[in-house]
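K.L.:
Protein chains in written order, with our numbering: chain A, 1 to 269; chain B, 1 to 468; chain C, 1 to 319.
Fair warning: there could be bad hints in the mix.
Examples of chain B residues toward chain A, derived with CB under 10 Å [to be verified]:
1) 16
2) 91
3) 94
4) 97
5) 116
6) 123
7) 241
8) 297
9) 319
10) 364
Simulated pairs of lysine-lysine, DSS-like, Cα-Cα distance not exceeding 30 Å [stated by the list, open to error]:
11) B:262 / A:225
12) B:262 / A:47
13) A:116 / B:388
14) B:387 / A:122
FRET-style restraints, in silico, Cβ to Cβ [as the list claims (entries may be wrong)]:
15) A:214 / B:344: 26 to 32 Å
16) A:148 / B:450: 56 to 62 Å
17) B:392 / A:214: 28 to 34 Å
18) C:141 / B:222: 30 to 36 Å
19) B:450 / A:123: 35 to 41 Å
Honestly, the hints are just simulated from the structure, not real lab data. In this text, a Cβ means the ideal position worked out from N, Cα and C, and glycines have one as well.
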Amino acid sequence: MKIKIAHSTTYKYSSTVPRLVQCLKLYPSVCHNQEILEWETSSSSGKIVESHIDGLGHRVQNIFIKNFSGQHRITSKGILKTKDLSGIVKGLKEKVNPLCFLRDTDLTKPCEKIEKISNEAKKNNKNIIEFAHKLNLVVSNSINYVSGSTTISTSSKDALKQKKGVCQDFAHILISAARFNNLPARYINGFLLDEKNSGENTTHAWVEIFVNDLGWVAFDPSHKKCIDDKYIRISTGFDFEDASTIKGVKTNYNGDEFLDTKVDIENCQ
Amino acid sequence: MYNEVYKNSKVRKFYNQIYDWAKSLPENVVVKKKNEAENLFKKIGITFSVYNNFDSSERLIPFDMFPRIISSTEWKKIKKGVIQRALAINAFLNDIYNSGEIIKAKLIPANLIYKNPAYEVKMIGFKVPKKIYSPIIGSDIVRINENIFKVLEDNCRTPSGVSYMIENREIMMRMFPELFEKLKIETVENYPSYLLDVLKSLAPKKCNKEPKVVILTPGSLNSAYYEHSFLADLMGVELVQGTDLFVDESITYMKTTRGPEKVDIIYRRIDDQFIDPITFDSSSLIGIPGLFDSYKSGNVNICSAPGSGVADDKAIYSYIPEIIKFYLGEEPILENVKTWRCCEEEAKKYVLNNLNKLVVKEVHGSGGYGLLIGSKSSKKEIEIFKKKILSYPANYIAQPVLELSSVPIFDKKKLSPRHVDLRPFCLVGANKTKLVDGGLTRVALTQGSLVVNSSQGGGVKDTWVLNE
Amino acid sequence: MLSRTAENLFWSARYIERADSLARLLEVGYRISLIPNTERGYTNEWESILETSGTRNEYLKKHKTISKEKIIFYLLFESENSSSVKNCIKTARENIRMVRTAVTLEVWNAVNSSYHELDKNMRDTKSLLKELPEIIEWIKKQVNLIRGTILNTQLINDGYDFLILGTYFERADFTARIINVKYFILLPSINYVGGDIDNFQWSLMLRSISSFRAFKWAYGGQEISYTKIIDFLILNMTCPRSLIFSVEKINHHLGRLSKFYKQTSSSNKKIGLMYKNIKNLNADKITEIGLHEFLKSFIEEINFVYKKFEQKYFFGLET
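Here chain A stands alone, though its shape is the one from the complex (with noise of 0.2 Å):
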């Protein structure tokens, strides 16, 4: 499938920043699942820095600007060959051991209705990725989808307390239930094409877990199923907060700061 994205994340200051440095992982994943035909990057202000290609194989930016004031806007755009390999992501340029994604962080540190979870989908399984289909349809049952029901320090034993959430929330779930029963786990930041409902052409976020002899699979608890040709990928990490496409830090800066992304996805077969 060819899919066509834009993707442009504004930033409005309330009064002059004196120094505002950012980091990008904005490329899409080098992989077999995804070709990239087209892709670039691009920012309204302060030129875009080429930094370095990182263990998880994000390409890293850096924007850096001085005395600004105003309107900052960063772009991604381009066109993307998909292919649908069952859910299994091959060919990943990263150095990273699986094991490392066996750690726990404070947005998914494992609590008692992770356990149980987990029991849940214990039951009855012929093997591990059975296993892990199973967990993705348990985790993907153990809250509602509510749109801004969260915000973006929501930790999983907070969504499930609260039952409501949204993909992050569901991501982060799924991913607290898989390390809990030793499977590496990773969170995923990318897009999704839902044609059916346009309106949900949106940024999206699920979850990797490496399953022995097949390596990374790609799990949606948000939409019970495994990703297909519809997803594109773009960034990894511990949890939402590691994988953030954009990360940035402004020094001796005591104003506001607002922010709006917009997102256009097509379907360009």
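Based on these hints, arrange chains B and C on the given structure of chain A.
P.N.:
For chains B and C alone, coordinates are given in the frame of chain A:
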């Protein structure tokens, strides 16, 4: 336990002169000299007294005037052993952040590295300048008997105490110049220039001129601030704080009155998590935004490398002999202290059955936290630890109670033995290693005590390596 | 030199000067309080002193009423008052401590011991008034000691320039403010200008900047007059507390920095202009412009010079 001065109630040959000298000092002279030493510390080591506290109460680490002597033969072995460990540790770090051969060879369990929070995922695959991760390693050494020195731990991040090594010598030379005429003692004053030399050899990829070195301190409230400023002073480099540095177009600069000046090598005395709020702890106020990406793009070097701490983890420590053999193809020159890893079934059994005789440590713990000294603990405390070990065996190791050797101190009227350890500071640069002939001797001032930490009543001594 | 080092040196000297100014201000208050309080013009003297120190609003937040003792304590020892003498010396010490190796041991010892001895000189509000002269003397002595060690032991390099600049930026600001306050706060109405109260207060003011005797020397035993005072405090190069003296010093040391670093900034140009203008002024011209207007624009201009200087050397932002 081993007495370094006496052998069968006779004074060892190389201690003869010092012993006679110490014995010949009248009591009032000892008192006078002690005061003089303290005053000198306050004066020349002004940094000790004024920097590390808020109020004016001067916090000097007690200094004992009886020097600790190491013969040149003994030193040769220690030196070789310490260098060997430092090289092996750097080879190990380079391996686990790249191909992980030692794990593939099944010499170290994969979990121990990959699940370890000190193993920094963001460093994986990065080519550290000259493959040196930890250019300054301070190994704590204890002496067991005539021939055996054992390493208790290796400090690979930012070992401190080297300023005491230099100041102790300075004080002794000022107070007792005559002793230095009688005995040939190796000098330690080259340390700052060695350190600068080693750091300069670790210039980042994109540096093509004489590299600019700075020391990065968390600030004047840090307990080791005196040492940071002391080293900066003697090395002739700037002592900077996070706010003195900034990154622009991937290049790291310091703010000076002449304008921005490019920085090439940062000897950082702050922890990993505070280096860069973008990459690490976002709430850190002392970090430099963009520094980590500047580092990874080859524009600046950070020494020690982030993630070096995984090598001084207590669980990894127990594998150092294997690490030495694996990377250097040599037998370890200095022994490790016997360590039981509770993650191994046999060892766990032994530990649980012998808790009253052992010291149990948490793998990632430091500074005496999460520690059980069996012989000094109540039954209840032992029971609590037993449960802890059973619930998470991999988090614990156990060691026998150590036998530290002793050296006399001037105790009121007489000389009286106290337990000591030794921390030499090994420097590793590009194709070179440097180690000044000496180190920091820490001494437990309370009779019978084995705790040499300055926070718990420990003191320091000048350490003399003889040039025979 | 690191920007932070320059900044620390500058501010330590500036805070020392501020402590000195406060001590002198308190001295004025003390002297006024010794005079029988019969004339209308004196009733607010302590309030005016508070006003001059720039801490009136903060004081009133803490204390409901204007009380002599409370004001003295507030200006000397109050830890909540960031510009109390105690905090000035504390801040000066902290600034120097951070750049310990940029000053000599003598300078450090002078600042450090002043800080430690300060506690010994703390008094409660009750006995404060009685012992005020002693405390003021002690502060002035410490300040002179610190300044003496700076002049006698520091290398005359860029660090020295930053120290001296701290002193004179503060002094220029303080002198300008105290002359201004004299007219708009101390005097109840403009009719008093030239009267007995006026002359008495001018003499107090001269004392407060330690220039009473100097004035007498400079102008002979003549009576104090408005134009002489203006001439003395603003335009007389021999008076170390006159505005022209501070301007000349700032001009000189900014010039040295500019030569030293082989770079100029807009602060050089501006201070050069200020110096040229003030040299060509006389007391009559100032009266013509209006003293208040003159001082207001003087303070603004000095602040402008400081802002440019700060941006150039402390923040590393081009000017």
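K.L.:
Take the hints in turn and mark each one as holding or not.
P.N.:
Status of the hints after comparison with the structure:
| no. | hint | verdict |
| --- | --- | --- |
| 1 | 16 | violated, 57 Å |
| 2 | 91 | violated, 18 Å |
| 3 | 94 | violated, 13 Å |
| 4 | 97 | holds, 9 Å |
| 5 | 116 | holds, 9 Å |
| 6 | 123 | holds, 8 Å |
| 7 | 241 | violated, 13 Å |
| 8 | 297 | holds, 5 Å |
| 9 | 319 | violated, 17 Å |
| 10 | 364 | violated, 12 Å |
| 11 | B:262 / A:225 | violated, 51 Å |
| 12 | B:262 / A:47 | holds, 20 Å |
| 13 | A:116 / B:388 | holds, 24 Å |
| 14 | B:387 / A:122 | holds, 27 Å |
| 15 | A:214 / B:344: 26 to 32 Å | holds, 31 Å |
| 16 | A:148 / B:450: 56 to 62 Å | holds, 60 Å |
| 17 | B:392 / A:214: 28 to 34 Å | holds, 30 Å |
| 18 | C:141 / B:222: 30 to 36 Å | holds, 34 Å |
| 19 | B:450 / A:123: 35 to 41 Å | violated, 54 Å |
Violated hints, in rising order: 1, 2, 3, 7, 9, 10, 11, 19; the structure is consistent with all others.
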